[in-house]
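Student: So the protein lines, in turn, are chains A and B. Going by this note's numbering, the first sequence opens with residue 1, and the numbers climb by one from there. Going by this note's numbering, the second sequence opens with residue 1, and the numbers climb by one from there.
Just so you know, the hints here were simulated from the structure itself, not pulled from any lab data. Predicted model, so just to flag it, every value in this text is computed and none were measured. Just to be clear, a hint being listed does not mean it is correct.
Unchecked claim - Every beta carbon over 10 angstroms from chain A, so not counted as near; a handful from chain B, in silico:
| id | residue |
| --- | --- |
| 1 | 20 |
| 2 | 71 |
| 3 | 73 |
As the list claims (entries may be wrong) - Calculated cross-link-like contacts (lysine to any residue; reagent style SDA-like; alpha-carbon spacing at most 20 angstroms):
| id | chain 1 | residue 1 | chain 2 | residue 2 |
| --- | --- | --- | --- | --- |
| 4 | A | 79 | A | 13 |
| 5 | B | 49 | A | 95 |
| 6 | A | 79 | A | 62 |
| 7 | A | 80 | A | 22 |
| 8 | B | 49 | A | 96 |
| 9 | A | 79 | A | 12 |
| 10 | B | 49 | A | 98 |
| 11 | B | 49 | A | 97 |
| 12 | B | 111 | B | 82 |
| 13 | B | 61 | B | 80 |
| 14 | B | 68 | A | 98 |
| 15 | B | 49 | B | 39 |
| 16 | B | 49 | A | 2 |
| 17 | B | 111 | B | 10 |
| 18 | A | 79 | A | 99 |
| 19 | A | 80 | A | 62 |
| 20 | A | 80 | A | 12 |
| 21 | B | 49 | A | 43 |
| 22 | B | 49 | B | 27 |
| 23 | B | 49 | A | 79 |
| 24 | A | 80 | A | 110 |
| 25 | A | 80 | A | 14 |
| 26 | B | 61 | B | 88 |
| 27 | B | 111 | B | 62 |
Ideal placement from N, C-alpha and C gives every residue a C-beta, glycine not left out.
Chain residues, written in single-letter form:
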Amino acid sequence: SQTIHQWPATLVQPVGSPLSLECTVEGTSNPNLYWYRQAAGRGLQLLFYSVGIGQISSEVPQNLSASRPQDRQFILSSKKLLLSDSGFYLCAWGVDSNQPQHFGDGTRLSIL
Amino acid sequence: AQSVTQPDIHITVSEGASLELRCNYSYGATPYLFWYVQSPGQGLQLLLKYFSGDTLVQGIKGFEAEFKRSQSSFNLRKPSVHWSDAAEYFCAVGARNNDMRFGAGTRLTVKP
Numbered sequence: 001s002q003t004i005h006q007w008p009a010t011l012v013q014p015v016g017s018p019l020s021l022e023c024t025v026e027g028t029s030n031p032n033l034y035w036y037r038q039a040a041g042r043g044l045q046l047l048f049y050s051v052g053i054g055q056i057s058s059e060v061p062q063n064l065s066a067s068r069p070q071d072r073q074f075i076l077s078s079k080k081l082l083l084s085d086s087g088f089y090l091c092a093w094g095v096d097s098n099q100p101q102h103f104g105d106g107t108r109l110s111i112l
Numbered sequence: 001a002q003s004v005t006q007p008d009i010h011i012t013v014s015e016g017a018s019l020e021l022r023c024n025y026s027y028g029a030t031p032y033l034f035w036y037v038q039s040p041g042q043g044l045q046l047l048l049k050y051f052s053g054d055t056l057v058q059g060i061k062g063f064e065a066e067f068k069r070s071q072s073s074f075n076l077r078k079p080s081v082h083w084s085d086a087a088e089y090f091c092a093v094g095a096r097n098n099d100m101r102f103g104a105g106t107r108l109t110v111k112p
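Extracted from the complex, chain A is given alone in its bound form:
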């Protein structure tokens, strides 16, 4: 069966520090991969999605970036975090738009 792993579960970082969140999927090949951010009391904002290795689409211009170095690995990064980057980050994978997306357990990011 397919599984998705996100880590870390919780992260506290100072303003201006770098960021790397990792997401890996097991049990499927060539999935579509997604990064979402969920601010407190708000819905999901799609940040990036990828349909293949090295293919990244950005939905919202910001100081975050994403990379897909391997088929089932999706990384969210930042060189310098801002206070506004605080939130709950969710990784998801899917096969097609007519299939549901499957979510990881999320990373709670707090910027101090």
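Following the hints, complete the assembly by docking chain B onto the known chain A.
Tutor: Chain B alone, transformed into the frame defined by chain A:
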């Protein structure tokens, strides 16, 4: 691009009462529709989905949803709410470009 509106930010119901969460979508073709539930600090879990066919779909945990094309709606219902149903609920619409858009969510509180 497709979009989803969940008009109710927060709903409170008594345990044992019926529940209806509203969802309206905008999409030019037949949509793929989903309802997800999110418990605090966790990822999203799929409740049910609609692709085609019978407009009344059954999901897990006793939930159902009805697709009404004329009203562009996909409302989620449950005849009798349990305290464990307290969570955030998201409606989503998928399109044929591997994209999925989520509503802002409805937070459900269940009174004893």
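Student: Is residue 61 of chain B within 20 angstroms of residue 88 of chain B, Cα to Cα?
Tutor: 15 angstroms, holds
Student: Hinted pair, alpha-carbon criterion (20 angstroms max): residue 80 of chain A, residue 22 of chain A. Please report holds or violated.
Tutor: 17 angstroms, holds
Student: Given the hinted pair residue 68 of chain B and residue 98 of chain A, is their alpha-carbon gap at most 20 angstroms?
Tutor: 18 angstroms, holds
Student: Given the hinted pair residue 80 of chain A and residue 12 of chain A, is their Cα-Cα distance within 20 angstroms?
Tutor: It holds: about 14 angstroms lies between the C-alpha atoms, which stays within 20 angstroms.
Student: Between the alpha carbons of residue 61 of chain B and residue 80 of chain B, is the straight-line distance 20 angstroms or under?
Tutor: Holds - the C-alpha atoms of residue 80 of chain B and residue 61 of chain B are around 11 angstroms apart, at most 20 angstroms.
Student: Are the Cα positions of residue 111 of chain B and residue 10 of chain B separated by 20 angstroms at most?
Tutor: Measuring from Cα to Cα gives roughly 13 angstroms; hence the hint holds.
Student: Hint check: residue 49 of chain B vs residue 2 of chain A, CA-CA at most 20 angstroms. Holds or violated?
Tutor: 19 angstroms, holds
Student: Would you mind confirming whether the straight-line C-alpha gap from residue 80 of chain A to residue 110 of chain A stays at or under 20 angstroms?
Tutor: Cα-Cα ~14 angstroms, so holds.
Student: What's the verdict on residue 49 of chain B and residue 79 of chain A, does the C-alpha distance respect the 20 angstroms limit or exceed it?
Tutor: Roughly 38 angstroms separates the two Cα atoms, so the pair is violated.
Student: Is residue 49 of chain B close enough to residue 39 of chain B, meaning Cα to Cα at most 20 angstroms?
Tutor: Given that 20 angstroms is the threshold and the Cα spacing comes to 19 angstroms, the pair holds.
Student: Decide if the proposed pair is consistent with the structure: residue 49 of chain B and residue 43 of chain A, CA atoms, cutoff 20 angstroms inclusive.
Tutor: The given pair, whose Cα atoms are some 19 angstroms apart, holds under the 20 angstroms limit.
Student: Keeping to a limit of 20 angstroms between CA atoms, is the pair of residue 49 of chain B and residue 96 of chain A held or broken?
Tutor: 13 angstroms, holds
Taken one by one, the earlier hints fail for this structure at numbers 18, 23, listed in ascending order.
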